[in-house]
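> Take the given structure of chain A and dock chain B to it, following the hints.
There are 2 protein chains.
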Amino acid sequence: MMKPKRLLSLLLRLIAVGATLAAVIIMATSHEKGTFFAVSYEAKYTDTPAFKYFVIANAIVTVYGFLVLFHPPGSPLWRLVLALDLVFTMLLISSISAALAVAQVGKNGNSRAGWLPVCGQVTKYCNQVTGALVAGLIALITYIILLLHSIYTFLNPLLEKA
Amino acid sequence: MMKPKRLLSLLLRLIAVGATLAAVIIMATSHEKGTFFAVSYEAKYTDTPAFKYFVIANAIVTVYGFLVLFHPPGSPLWRLVLALDLVFTMLLISSISAALAVAQVGKNGNSRAGWLPVCGQVTKYCNQVTGALVAGLIALITYIILLLHSIYTFLNPLLEKA
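Same order as they appear, the protein sequences are chains A and B. Take the first sequence: its position 26, counting from 1, is numbered 26 in full-length UniProt numbering, and each next residue is one higher. Take the second sequence: its position 45, counting from 1, is numbered 45 in full-length UniProt numbering, and each next residue is one higher.
Same shape as in the complex, but just chain A:
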């Protein structure tokens, strides 16, 4: 039988892998043909560097999360996993912030810079980007919980002995 703590941690890691994978798939499949000033164009995530960064970062975190699932419990490498969790949480924060900032311009535009909002023309594309960002946020929250849990279980026995 698995310990409840280990089971909870495994469940959280499964959710995290699912969420980052969903973020990659939803963002990568987002495209829609729109018309802008009578010019037809196709909105794709590759048009926006911030969205490309989001896909790459989430793909990296998915691969990492998947590999950690098969990591045996009680291995001395868990200290490394704690450090890597931290690094990949920072990568997620960075990619979500960047994608969110550009998505905000896409939704509301920036009148001072003369950037018009595009979500009116490509509603489906915008909804998909929003979905990907929500999936990314779920992954981020899961990783932060995992991080707090790891720090607690890792530090607690050390603190008791100290």
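Note that these hints are calculated values from the structure, not bench results. In this text, all values refer to a predicted model and were calculated from it rather than measured experimentally. Incorrect hints may appear among the rest.
Stated by the list, open to error - The calculated label-pair distances, taken between Cβ atoms and stated as ranges, are:
(1) B/Ile145 with A/Leu14: 32 to 40 Å
(2) B/Gly131 with A/Leu137: 25 to 33 Å
(3) A/Ile151 with B/Ser40: 47 to 55 Å
(4) B/Ile144 with A/Leu14: 28 to 36 Å
(5) B/Ser40 with A/Val87: 45 to 53 Å
(6) B/Pro117 with A/His71: 44 to 52 Å
(7) B/Lys5 with A/His31: 51 to 59 Å
As the list claims (entries may be wrong) - Pulled from the structure, derived: some chain B residues nowhere near chain A, Cβ distances all over 10 Å:
(8) Leu10
(9) Leu21
(10) Phe70
(11) Pro72
(12) Asn127
(13) Ile138
Each residue gets a CB set at the ideal place from its N, CA and C atoms; glycine is no exception.
Below, chain B alone, put in the same frame as chain A:
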């Protein structure tokens, strides 16, 4: 006499406070009158939510960094400082990523979305935003070094005892 380690940590914290303060001042004072399609306008950081977030985040981290400077060494609260360092490093990463993503659109535009680059019209403004981002990056690197240093000095005695 201060210990060399403590002196180094204090020096790093001074650099971090200076860098975040510089980021706030440079970004907050950035404004330039430009002409866009014969319409005169003034580019300011308040036009862009991501830049406002950058200024607020850096201001918060400046205040925190300043307060920590006066924190007595050997206090039991240093464990809290380590946790807060982590939180504020994440805040810095997030704000810099968001500002960088929008600054990239400002510099290169996004032809698919019909967003024209604005740096040709407001070069001085763009240079100041770039300066603020560089200051923010310096602060971020300093905080990451501080974090690694804190984790090392905090965990080392515990690991030896364990």
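> Does the structure break any of the earlier hints, and which numbers would those be?
none
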